[in-house]
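S.K.: Hints are included, so try docking the two chains, each in its own frame, into the full complex.
For the protein sequence lines, the chains are D and V, in the order given. Each residue of the first sequence is one higher than the last, beginning at 0 in numbering that gives the first Met the number 0. Each residue of the second sequence is one higher than the last, beginning at 0 in numbering that gives the first Met the number 0.
In short, the hints are calculated from the structure, not lab data. There could be a bad hint or two in this list.
Below, in silico cross-link-like pairs of lysine-lysine (DSBU-like), each with a Cα-Cα straight-line distance of 35 Å or less [claimed, not checked]:
no.	chain 1	residue 1	chain 2	residue 2
1	V	Lys200	V	Lys185
2	D	Lys130	V	Lys200
3	D	Lys167	V	Lys200
So the derived label-pair ranges between C-beta atoms look like this [unchecked claim]:
no.	chain 1	residue 1	chain 2	residue 2	range
4	V	Asn9	D	Tyr292	48 to 58 Å
5	D	Val105	V	Ala100	49 to 59 Å
6	D	Ala238	V	Gly87	36 to 46 Å
7	D	Val105	V	Gly87	25 to 35 Å
8	V	Tyr145	D	Ser61	56 to 66 Å
9	D	Lys132	V	Ile282	19 to 29 Å
Since the model is a prediction, treat every value here as computed from it, not as a measurement. Just so you know, even glycine gets a beta-carbon here, dropped at the ideal spot from N, CA and C.
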Amino acid sequence: MSAIAIAAVSKVYAGGVKAVSDVDLDIADGEFIVLVGPSGCGKSTLLRMIAGLETISAGTVSIAGQVVNNVDPAARNIAMVFQNYALYPHMTVFDNLAYGLRNRGVPRAEIAARVAEAARMLEIEPFLTRKPKQLSGGQRQRVAMGRAIVRQPAAFLFDEPLSNLDAKLRVSMRGEIRQLQRRLGVTSVYVTHDQLEAMTLADRIVVLNGGRIEQVGKPLEVYHSPASTFVAGFIGSPAMNLATAEVSGGRLTIGGAELAEGLVGLADGRVTVGLRAEDVVPAAAGAPFAIRYVEELGSGRLVHGSVAGQHITMAISPDWPLADAMRVAVAAERLHVFDAATGRRIACP
Amino acid sequence: MQTKRTVFGNRLLPYALLAPQLAVTIVFFLWPAGQAVLQSFQREDAFGLSTTWVGLANYLDLLTDPNYLNALGVTAVFAPAVAVLSAGLGLTFAVALDRLARGTRLYAALLVWPYAVAPAVAGILWWFLFNPTIGLLPYLLGMIGYRWNHALQPGDAMILVVIAASWKQVSYNFLFFVAGLQAIPKSMIEAAAIDGAGPVKRFFTIVLPLLSPTTFFLAVINLVYAMFDTFPVIHATTGGNPAQSTNILVYKVFVDGFIGLNLGSSAAQSVVLMVIVVALTVIQFKWVERQVTY
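Here chain V stands alone, though its shape is the one from the complex (with noise of 0.2 Å):
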């Protein structure tokens, strides 16, 4: 492979040229990574007026606390959940695009829409068509008799939130699915077709796998999603309720920092976090390379 050089006169020209991108990455990244990472072995006071070393005391705290561990079960739930409907839906929708012989464009815009929403705009919307008293769906679903109540019933609003957070993420992997497509060799379907194979067959013992680097991809970047970025969701739509139901680990970061002021275990939470999402992605790309290159 050719390797691009670029020989610099001065020596200097090239630190000041990465300047501004190593700035930004250390101003608004590390510092506050490591500002967590070493305010998890502190305890401060409730006026932030003194601070104490205490070592492991945050993370082991954790272990026993059964809100910790409630949270981690919800997110063992919520996360995978996001990312099975975001990526099914985003491939029938973009599946269903592949098929279409006219006005492609049009709807491939319009599919893309949601993804512009805020995801605390996208919480309020799905709120509202879910709302008890004044929502649309409740009342279609009391027309099937069933009371639908996510202020109540844990089930009801952990679906609302799955929901409301797959909704914006739909539109981000129906992107990549068109483009995983459009880059399956139309000759490859059209000799899958000759040699015998249905629609149906073809899709799943051709298209399927030769979409997998993008489904993997997906899989991995809606989990990250998922686990970090649905805060906005749970804040505009149950606040982690009730009863603890929807309280994703990272909703519960800001509540025990920022409500409960318990700067040091939000701090050990976070970092919790931060490893149990690099764990992931390493782990899965790990098994991409192994079981996805063809």
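Just chain D, with the same shape it has in the complex (with noise of 0.2 Å):
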């Protein structure tokens, strides 16, 4: 069993910068967990102090019930996958794949078959004699994916491992990373700044900003009901839209256009109020929207425009006649509410 705490940690740079603050979270037995964030919202921080490559300044993390904060890296169990692949350019990829069995004494006979084993689950057999340079990307990413699996780990760290591959080849790996662990059942943190590769990866997201977490939860629940404007903006593409509203005896009003009616247990007075792309819908009787410019994705369309001065994008099918002047609105169930002031989502009863 191989479940992962992480109890109040912090991470406090030597120069004083907090690059992580007071993290609760609690890893299940083969769970896949993607931390999602913007740069500098200390992800990978996090996820190196799971890995031990980073001090841990306050707080305590364990990996299968052990208490693990001074506990070398090599004895934690755990195997990395990095950015940037960190294959042993020396050696051959047989060798890259030995390497942590061999210092860890596995006998020889055992080795050759994990190797083997790996080697054809990846299908990187045919490479096994090539140094790391004679690899294409994707080939080196599967090696480095190799070196996780031969060591039969407690956890799989990954450290945004496929974002040095171009847009194609990220969607397959996305797939076989997916693939890979639900077969393999091991325990996975995943580090990431791409929402949709959280999204599509992971058991549970983890957003995370300024060092801190914002929401944790199952993909469609962060989607469909995000804990503050910061996950509204950042998950889901085209991002939410924002805007500053009044709410006044159940209608939301953005500058005087109404917007939406009939919303309940609301209390009077100026929210943001979020609304997905494709929740935006063409009214008879919805505020003014005036459009600025059309984006064709073949599928769908995307419109941005404005409803009284404000931003708006949205989504709808390409045989909709767009005109001059048209009036969009939202229907109240689909709005998404957040405190003016602080950006906490406010529950609509």
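M.R.: Structure, rendered in structure tokens:
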């Protein structure tokens, strides 16, 4: 069993910069957790603290029930896949895979068997005698994965492993990583700045901002009920529309134009409203919508415009006729309402 | 690969631009080297009044001259010893610096200082430190019962010139090893740490192999340095003595030519030295190309 428990973990660098503050996170055995956030949000620092490559300033990290704060990276029984793969350039692929096993005194025959098994799984058997230099980006990525797999560790740690690949390869490797993790059932922590990678890979997403956890949840939970304006703007593409709006008597207006009605249980006043592009629909009785420009996606169309001077993006079917004077509305149950001051979600009953 | 190409309007302009560099190369390198090759086939009398063409006689004499063969042997000990000592110490200091958390710039600056000292001055410095009557080190060695005297004991003399010649070169090696260590991606070291390799094992299985291009480059540079540029060190310390025990090839070229005034033999020796160094460099780079690329 190899659950990971992170309790009140903080990281303060020598200069006084606080990279991670007070993070609590329980990762179940076999779970795939994705840490996502913009650069500088502390996601890599958190991962490196789990790996033991970074000291822990406060709090505890436990792997399989054992506190590992002062345990060497080698003794934590974890494997890590680096962004630049960090393959040993002077060793063949076989030696790259075998290195960690040899260091641990695994018998020669077992090393050969385990490497062969991993190579078969990742389809890198033809390259075992080659050096990393002779491999393509995707093949190097597989070797890096293989180096993690042969160790049969308690947990896989991924530090933006796909960001050096081209877009197409990234999508296919993403799928392979997901399948592999399911098949092996190894607890995994994956760091990325790409919300799409987070959505598609994760059992649970952890959204980080400024060294703190903004929200933890299943991908669809995070997508459908973001806990803050930060999460709302970060998860989903195109980004969720965020606008300042007024609530009064169950009606939501932007600059006097009514966007939705029939809201219940909301106190009157100023709020930040979040609208998914696909939830904004043309409506005869809606708010006036001034089109700025249109992006054609083939399967759909993104119409960028404004309501009372605030930017709103609408995703509609290409069949819909565009007119200069459009009106848009949003169904009340599709609205995300956030506190205008704190940015936290206000529950709509 | 993209090639840089500049088109000159005037056909003579490129040659005019090259001329200063070519002039320096011709006057200070090609001409003297050619002169040496020419002189190596000649014999000149002591007053420089007559010159006779003697063909290969100067070279053939070298083969049977016990002093020359001795110098060959001395160089075969001296040059590798200097190369290994300066690379070894340079690497040691570089690794030590790499492990430092702070103050690296200060230590780096201090360790580079010896490179700014002229070889003759470095020789004198070590000659004083090892001086049997007034030096500090013989005094300390005396306390553990060793009577140091590089004026009488060939072994002591060799150790002195090797140390004095290496001292400066350590700085040079140190600089290149520091750059080499910094070029190794940190994640590779971290990957090795996670793979269960301790610091010592990491050094020998990851760091050292990744440094091999630097190491082989320095091996070539060090050998060439030891064979050519160490003349002032020898001249300022032992003068090739006692009993010719530190008379390396390049020093013998000087002694035979300018003290003994045997210009023909001296020229032949310098041609041989040149051939040896060129051959060593070619062999090393061929070998480096095959072994060190990864």
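S.K.: Work down the list of hints and note, for each, if the structure agrees.
M.R.: Going down the list of hints, with the structure as the test:
1. V:Lys200 / V:Lys185: 16 Å, holds
2. D:Lys130 / V:Lys200: 21 Å, holds
3. D:Lys167 / V:Lys200: 39 Å, violated
4. V:Asn9 / D:Tyr292: 48 to 58 Å: 54 Å, holds
5. D:Val105 / V:Ala100: 49 to 59 Å: 34 Å, violated
6. D:Ala238 / V:Gly87: 36 to 46 Å: Taking Cβ atoms as reference, Ala238 (chain D) and Gly87 (chain V) lie about 58 Å apart, which means the hint is violated.
7. D:Val105 / V:Gly87: 25 to 35 Å: 34 Å, holds
8. V:Tyr145 / D:Ser61: 56 to 66 Å: For Tyr145 (chain V) and Ser61 (chain D) the Cβ distance comes to about 59 Å; the hint holds.
9. D:Lys132 / V:Ile282: 19 to 29 Å: 25 Å, holds
Of the numbered hints stated above, those contradicted by the structure are hints 3, 5, 6, listed in ascending order.
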